[in-house]
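Q: Residue numbers (the UniProt record's numbering), protein chains in the order written: chain X, 1 to 245; chain W, 1 to 245.
Heads up, a few of these hints could be off.
To be verified - Derived DSS-like pairs: lysine-lysine, alpha-carbon spacing no greater than 30 Å straight-line:
| # | chain 1 | residue 1 | chain 2 | residue 2 |
| --- | --- | --- | --- | --- |
| 1 | W | K237 | X | K134 |
| 2 | X | K134 | X | K197 |
| 3 | X | K237 | W | K220 |
| 4 | W | K146 | W | K197 |
| 5 | X | K146 | W | K197 |
| 6 | W | K220 | W | K237 |
| 7 | W | K146 | X | K134 |
| 8 | W | K146 | W | K237 |
| 9 | W | K197 | X | K134 |
Stated by the list, open to error - Anything over 10 Å on all C-beta distances counts as not near chain X; from chain W, calculated:
| # | residue |
| --- | --- |
| 10 | R135 |
| 11 | Y142 |
| 12 | S166 |
| 13 | G168 |
| 14 | G183 |
| 15 | K220 |
| 16 | T229 |
Note that these hints are calculated values from the structure, not bench results.
Even glycine gets a Cβ: it sits at the ideal position worked out from N, Cα and C.
There are 2 protein chains.
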Amino acid sequence: MTFELFYWPGLQGRGEFVRLAFEATGTPFVEIVQGDGPGQGMDGMLHTMDDPACTDPPFAPPFLRADGELIGQTANILAFLGPVLGLVGESPRARRFVNQLQLTLADLVAEVHDGHHPISSRLYYSNQRAEARKRTAELIDYRLPKFFDYFERVLANNPHAGGWLSEGAMSYADLSLFQLIAGLNYAFPRAMTGFAKAYPRCQGVHDGVARQPRIAAYLKSSRRIPFNTTGIFRHYKELDRASPF
Amino acid sequence: MTFELFYWPGLQGRGEFVRLAFEATGTPFVEIVQGDGPGQGMDGMLHTMDDPACTDPPFAPPFLRADGELIGQTANILAFLGPVLGLVGESPRARRFVNQLQLTLADLVAEVHDGHHPISSRLYYSNQRAEARKRTAELIDYRLPKFFDYFERVLANNPHAGGWLSEGAMSYADLSLFQLIAGLNYAFPRAMTGFAKAYPRCQGVHDGVARQPRIAAYLKSSRRIPFNTTGIFRHYKELDRASPF
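Extracted from the complex, chain X is given alone in its bound form (with noise of 0.2 Å):
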């Protein structure tokens, strides 16, 4: 099967969360923007995506075209790739377990861009400053503690030994875990100061996946695009702030 991935060019964004499934598998994929064939780079994307005879277009980037099928929502792609690059349990109960932790890391990480965006997405930051500075207080002072409350004791709970979020095998759940980590110690260095202590196997989770050998080999190339202020982790100085953990 071909993948053919669709997202924004230089930066890692919702993108990263499937570019990741891939190289933890070693598969293979294009990264359609970054071609300049017919219906490649950046306006092969959006033609691909606002095409109007598209049956099934999706509403917006990523979207992976695999067998000649579009498929949208950075979650749906993880729940068709994770059976399929072995990236979940087998069970039905598993499945539905790993998709509705990747819903509530997704909700975590739509929180975090809202964090510098909290009026527009359509404006820059510096038209929202204020309004940034007042909403990122509350995501460090009261929400990022609940959502890892939250994963710390579904970790603390599995019965399973390794470490992972469900059954005893990294699944693509573990994956996103790990990159919104490494996005929060990018854009929050204060809050996540004392990250590791409070939340052991959260950052258990986020080591065990930086140490899969392809993930390192991944995280070292070039292929990484580095974060930046274009993304979703962004490191504005001034929204950073100690955390309560």
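Assemble chain W onto chain X, guided by the hints.
A: Using the frame of chain X, we list chain W on its own:
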């Protein structure tokens, strides 16, 4: 199979997307917060959600209990119920597309919520009224048109007759689109004035769902909690405004 729904009392909220799936198919279900037996009522819900021994806990309501399994996240609940209740097509591709649509609807639902709570879901609306006015203006001027342009295009391009989002039969995504439009009609009567003319196919889904005999009976019953200003869709006169459509 016994279905137990866990959701906050007194508001439609995200629980309503699940209720509509049960109501549309005449499927009996138990509302845990309405009971007063052991494990029921608010205490029963919170105890179930926070049970330290639970190996696959939900992050937040709504969640479902079916055959002893807890299933959280609205879209995940509906992805489970869809095939069981006959509210999604048979093919994996149709199921992925309906899940994708549901996640896109969920994104807009979250944006509607953040319209009145752009800074913090923990604080009252009255504490973020100025920011709410700005964010809701963005919602009405830019986000609603962007999302409804998309859903209208999906409906226009569906090769099957019937006027539904996917294939030729009503799916749970159609039920959710109905609920979204009904909620927006309550919250923003001024903005929604030209909606039926601008988005006739979306309006058609709304009307087609409302005409389903079981749904029509439900909407007239006391089981349908009225829209109010504790839910996702809130009518605050100062936030409503003329829309571009």
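Q: Next, verify each hint and record whether it holds.
A: Status of each hint after checking the structure:
Taken as a hint, the K237/W and K134/X pair is honoured in the structure, with Cα atoms around 25 Å apart against an allowance of 30 Å. Among the hinted pairs, K134/X with K197/X is consistent with the structure: their alpha-carbon atoms are about 26 Å apart, no more than 30 Å. For the suggested pair K237/X and K220/W, the alpha carbons sit about 53 Å apart, so the restraint of at most 30 Å is broken. Under the criterion of a C-alpha separation no larger than 30 Å, the hint pairing K146/W with K197/W is consistent with the structure, at around 16 Å.
The hinted pair formed by K146/X and K197/W fails the criterion: a straight-line CA distance of about 43 Å is larger than 30 Å. Using a Cα cut-off of 30 Å, the hinted pair K220/W and K237/W holds, with the two alpha carbons roughly 25 Å apart. With a CA separation close to 27 Å, the supplied pair K146/W and K134/X stays within the 30 Å bound. Straight-line distance between C-alpha atoms of K146/W and K237/W comes to about 23 Å, which keeps the hinted pair within the 30 Å bound.
At most 30 Å may separate the alpha-carbon atoms for a hinted pair to count; K197/W and K134/X exceed this at roughly 39 Å. Taking the minimum C-beta to C-beta distance to chain X, about 5 Å, the non-interface status of R135/W is violated against the 10 Å cut. At roughly 6 Å from the closest C-beta of chain X, the C-beta of Y142/W falls inside 10 Å, breaking its exclusion from the interface. Its beta-carbon lying about 8 Å from the closest one in chain X, S166/W breaks the requirement of being farther than 10 Å from that chain.
Here G168/W stays apart from chain X, with its beta-carbon at least about 13 Å from theirs, past the 10 Å limit. Distance check for G183/W against chain X: the nearest CB is about 19 Å away, which clears 10 Å, and the non-interface claim stands. Interface exclusion of K220/W from chain X stands, the closest Cβ pair being 33 Å apart, more than 10 Å. T229/W, annotated as away from the interface, keeps every beta carbon of chain X farther than 10 Å; the closest lies near 21 Å.
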